[in-house]
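Novice: Here are the chains, one letter per residue:
Protein chains: 2
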Amino acid sequence: MTIKNRRIVLASRPKGPPTADNFRLEETEVPEPKDGEILLRTLYLSLDPYMRGRMNDAPSYAPPVNIDDVMVGGTVARVEGSNNPKFAVGDLVQSMSGWQDYDVSDGTGLARLDKEMPQPSLALGVMGMPGFTAYVGLLDIGEPKPGETVVVSAASGAVGSVVGQIAKLKGCRVVGVAGGADKCRYVIDELGFDACIDRREPDLNENLAAACPDGIDVYFENVGGAVFDAVLPLLNVHARVPVCGRIASYNATSLPDGPDRTPALVGLLLVRRIKMQGFIIFDHYETRYRDFVRDMSGWLADGKIMYREDLVEGLENAPEAFMGLLEGRNFGKLVIRTATD
Amino acid sequence: MTIKNRRIVLASRPKGPPTADNFRLEETEVPEPKDGEILLRTLYLSLDPYMRGRMNDAPSYAPPVNIDDVMVGGTVARVEGSNNPKFAVGDLVQSMSGWQDYDVSDGTGLARLDKEMPQPSLALGVMGMPGFTAYVGLLDIGEPKPGETVVVSAASGAVGSVVGQIAKLKGCRVVGVAGGADKCRYVIDELGFDACIDRREPDLNENLAAACPDGIDVYFENVGGAVFDAVLPLLNVHARVPVCGRIASYNATSLPDGPDRTPALVGLLLVRRIKMQGFIIFDHYETRYRDFVRDMSGWLADGKIMYREDLVEGLENAPEAFMGLLEGRNFGKLVIRTATD
Numbered sequence: 001m002t003i004k005n006r007r008i009v010l011a012s013r014p015k016g017p018p019t020a021d022n023f024r025l026e027e028t029e030v031p032e033p034k035d036g037e038i039l040l041r042t043l044y045l046s047l048d049p050y051m052r053g054r055m056n057d058a059p060s061y062a063p064p065v066n067i068d069d070v071m072v073g074g075t076v077a078r079v080e081g082s083n084n085p086k087f088a089v090g091d092l093v094q095s096m097s098g099w100q101d102y103d104v105s106d107g108t109g110l111a112r113l114d115k116e117m118p119q120p121s122l123a124l125g126v127m128g129m130p131g132f133t134a135y136v137g138l139l140d141i142g143e144p145k146p147g148e149t150v151v152v153s154a155a156s157g158a159v160g161s162v163v164g165q166i167a168k169l170k171g172c173r174v175v176g177v178a179g180g181a182d183k184c185r186y187v188i189d190e191l192g193f194d195a196c197i198d199r200r201e202p203d204l205n206e207n208l209a210a211a212c213p214d215g216i217d218v219y220f221e222n223v224g225g226a227v228f229d230a231v232l233p234l235l236n237v238h239a240r241v242p243v244c245g246r247i248a249s250y251n252a253t254s255l256p257d258g259p260d261r262t263p264a265l266v267g268l269l270l271v272r273r274i275k276m277q278g279f280i281i282f283d284h285y286e287t288r289y290r291d292f293v294r295d296m297s298g299w300l301a302d303g304k305i306m307y308r309e310d311l312v313e314g315l316e317n318a319p320e321a322f323m324g325l326l327e328g329r330n331f332g333k334l335v336i337r338t339a340t341d
Numbered sequence: 001m002t003i004k005n006r007r008i009v010l011a012s013r014p015k016g017p018p019t020a021d022n023f024r025l026e027e028t029e030v031p032e033p034k035d036g037e038i039l040l041r042t043l044y045l046s047l048d049p050y051m052r053g054r055m056n057d058a059p060s061y062a063p064p065v066n067i068d069d070v071m072v073g074g075t076v077a078r079v080e081g082s083n084n085p086k087f088a089v090g091d092l093v094q095s096m097s098g099w100q101d102y103d104v105s106d107g108t109g110l111a112r113l114d115k116e117m118p119q120p121s122l123a124l125g126v127m128g129m130p131g132f133t134a135y136v137g138l139l140d141i142g143e144p145k146p147g148e149t150v151v152v153s154a155a156s157g158a159v160g161s162v163v164g165q166i167a168k169l170k171g172c173r174v175v176g177v178a179g180g181a182d183k184c185r186y187v188i189d190e191l192g193f194d195a196c197i198d199r200r201e202p203d204l205n206e207n208l209a210a211a212c213p214d215g216i217d218v219y220f221e222n223v224g225g226a227v228f229d230a231v232l233p234l235l236n237v238h239a240r241v242p243v244c245g246r247i248a249s250y251n252a253t254s255l256p257d258g259p260d261r262t263p264a265l266v267g268l269l270l271v272r273r274i275k276m277q278g279f280i281i282f283d284h285y286e287t288r289y290r291d292f293v294r295d296m297s298g299w300l301a302d303g304k305i306m307y308r309e310d311l312v313e314g315l316e317n318a319p320e321a322f323m324g325l326l327e328g329r330n331f332g333k334l335v336i337r338t339a340t341d
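As they're listed, the protein sequences go chains W and R. To convert, note that position 14 of the first sequence is 14 in UniProt numbering; the numbers rise steadily by one, no gaps. To convert, note that position 148 of the second sequence is 148 in UniProt numbering; the numbers rise steadily by one, no gaps.
Any given hint might turn out to be false.
What the hints assert, rightly or not - Here are the simulated SDA-like cross-link-like pairs (lysine to any residue), alpha carbons at most 20 Å apart as the crow flies:
#	chain 1	residue 1	chain 2	residue 2
1	W	LYS34	W	VAL104
2	W	LYS145	R	ILE188
3	W	LYS15	R	ALA264
4	W	LYS15	W	TYR50
5	W	LYS86	W	ASP35
6	W	LYS15	R	PRO263
7	R	LYS304	R	MET117
8	R	LYS145	W	ASP283
9	R	LYS168	R	ALA195
10	R	LYS168	R	ASP140
11	R	LYS170	R	LYS304
12	W	LYS170	W	ILE141
If you're looking for bench data, these hints aren't it; they were derived computationally from the structure. All of these numbers come straight from a predicted model, not from anything done at the bench.
Using the sequences and the accompanying hints, generate a full structural model.
Specialist: Pasting the structure below:
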């Protein structure tokens, strides 16, 4: 039996929330590595909210995925064949192979992982892009100081969980916002946040205000929508708002009804001297990745940062898992295991 | 004939644009300086857009003016009587005496001016709060780099004119936005901006885009409204937006009609990694005022910074002049001369 490459391509662009129709599972030949190339077998595929943006045919910080092209995604892969002296069969690498079983690469942009790494999928989570996003966004843009109050939305997620734990290490009061009682319990009991507000409960505004008696000094924005609205009136003078994501808006097909609150938002930034700053992690590898790896390795070794993976078996289940991610159905860093060895 | 103190108090709170009814000119006794106090005669009164906010009974960065209280305002005054050994009759000081002829002070918060200063009113403009606002907002928040494009609204005004000229000194391409052909000519011919867009002309969006072929790296926000809307699509990746004022909104009694464009604004900040930051100059005297005085004194001495005053004679004309300021009828830094010696 010939081994095939299974891959999931963008079949059509979603209008609103993605559906199964927007994806297509295909089988193609396993590609042959040419001279200087290596063959990669995907072991783990990371699913992340940013992928929703790439499904749109709209200008963003990266080009959209073309129709019939493989969906983009960060992966942990094993070298299965090598025509490149820098890589040996059996090496583990972090790559951007996307939603597929096999890929070829000339080695550009690959990061080698320790073959003895007990849990290589962490390179897609706490030790990878989401962890680095949390680190840069909180420390460089949020600039938390001891005693300040830090609020983070999507608090049990891949980024939010790390934001809150680093903020605790920096001596802050940390309040999470998450969807559901289970997640809130986890955020408090396992991650050590001081409080966590269930955004699905009524009285979000009142509950958040009660959990932040001294207002909010840093709001790490992952979600937008009602959580953002609840945060705004609580922002203190000189608050900082790193804008990492807006998952509540990703599936929106139009703007919310009026009035247009833009002048109120900008007016609030002025009166309270607030900094709001968007960032994308790709800008920061050159200057800060080394610091992140040093700090995060230490924190993990000392048991100071906890993490949770939501591991889904089988590439074929990636579309369903991704749709769930956009609705907050995952619990922890969502990773697809594409091979079981 | 006894000399009286004329003063202008807040008679009622405006709904929308202020009207003459909102102000009342009163005559009271000239106050007597007690032990340790000095009597101040106002020579110049600064009129600034922030005063509109103080007329509202709404939380802001400073308490509102109470009904029947003297309108707030920065002044240049002469010491006319002194029971304080630190001040002699004839000294010139910068004070916050408000819209009135006379004031008493124990000296707290007063800044002494050089008695030989040829144009003491500059302490209310290019050498004072507006100039310092421009300096901090542009340099510390805008962080302009040589070759970048800086856009400033209210470009012929007290703050905007200084922002643009400092940006030119820093090697930037500088585009102003101002109201009317006369102001635009002045901004280009006298202040040396590279271009100036008349916001009253049709096709503001197209005109601004044509003047910024490489996009906008720094937008110094003074006005909001249609100018802000024209700027947004032109902001480059990693643009900085110091938010200094929103004069187009100050008289608004309600938010504009929908849709609510807040998610689009925050989404733009994210995708283009933009920093938007409000600031208020009172926060920065301790750390940056000394630098400002050193740099600005040098620039003025070298003829590198031009300025223009719109000098109005007579305290009684302050309300009318202030209403005009909010409509952009002034041309240059608006100052009331309250005494002619």
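Novice: Each hint should be assessed against the structure and marked as holding or not.
Specialist: Results of checking the hints against the structure:
1. Proposed proximity of LYS34(W) and VAL104(W) is supported: the alpha carbons are some 9 Å apart, at most 20 Å.
2. Of the supplied pair hints, the one linking LYS145(W) and ILE188(R) is violated, its CA atoms being roughly 44 Å apart against a limit of 20 Å.
3. Only pairs whose Cα atoms come within 20 Å are accepted, and LYS15(W) paired with ALA264(R) is accepted, the gap being roughly 17 Å.
4. With a C-alpha separation of about 16 Å, the suggested pair LYS15(W) and TYR50(W) falls inside the 20 Å cut-off, and the hint holds.
5. Distance check on the hinted pair: LYS86(W) and ASP35(W) sit about 12 Å apart at the alpha-carbon level, within 20 Å; holds.
6. For the proposed pair LYS15(W) and PRO263(R), the alpha carbon gap of about 17 Å is at most 20 Å, so the pair holds.
7. Taking the CA atoms of LYS304(R) and MET117(R), the gap is about 19 Å. The hint holds against a cut of 20 Å.
8. Under the criterion of a C-alpha separation no larger than 20 Å, the hint pairing LYS145(R) with ASP283(W) is consistent with the structure, at around 18 Å.
9. Our distance criterion of 20 Å between C-alpha atoms is met by LYS168(R) and ALA195(R), whose separation comes to about 12 Å.
10. Among the hinted pairs, LYS168(R) with ASP140(R) is consistent with the structure: their alpha-carbon atoms are about 16 Å apart, no more than 20 Å.
11. A distance of roughly 12 Å separates the Cα atoms of LYS170(R) and LYS304(R); the hinted pair therefore holds under the 20 Å criterion.
12. About 14 Å separates the Cα atoms of LYS170(W) and ILE141(W), which keeps this hinted pair within 20 Å; it holds.
Figure legend: structure checked against the earlier numbered hints; the only hint not met is number 2.
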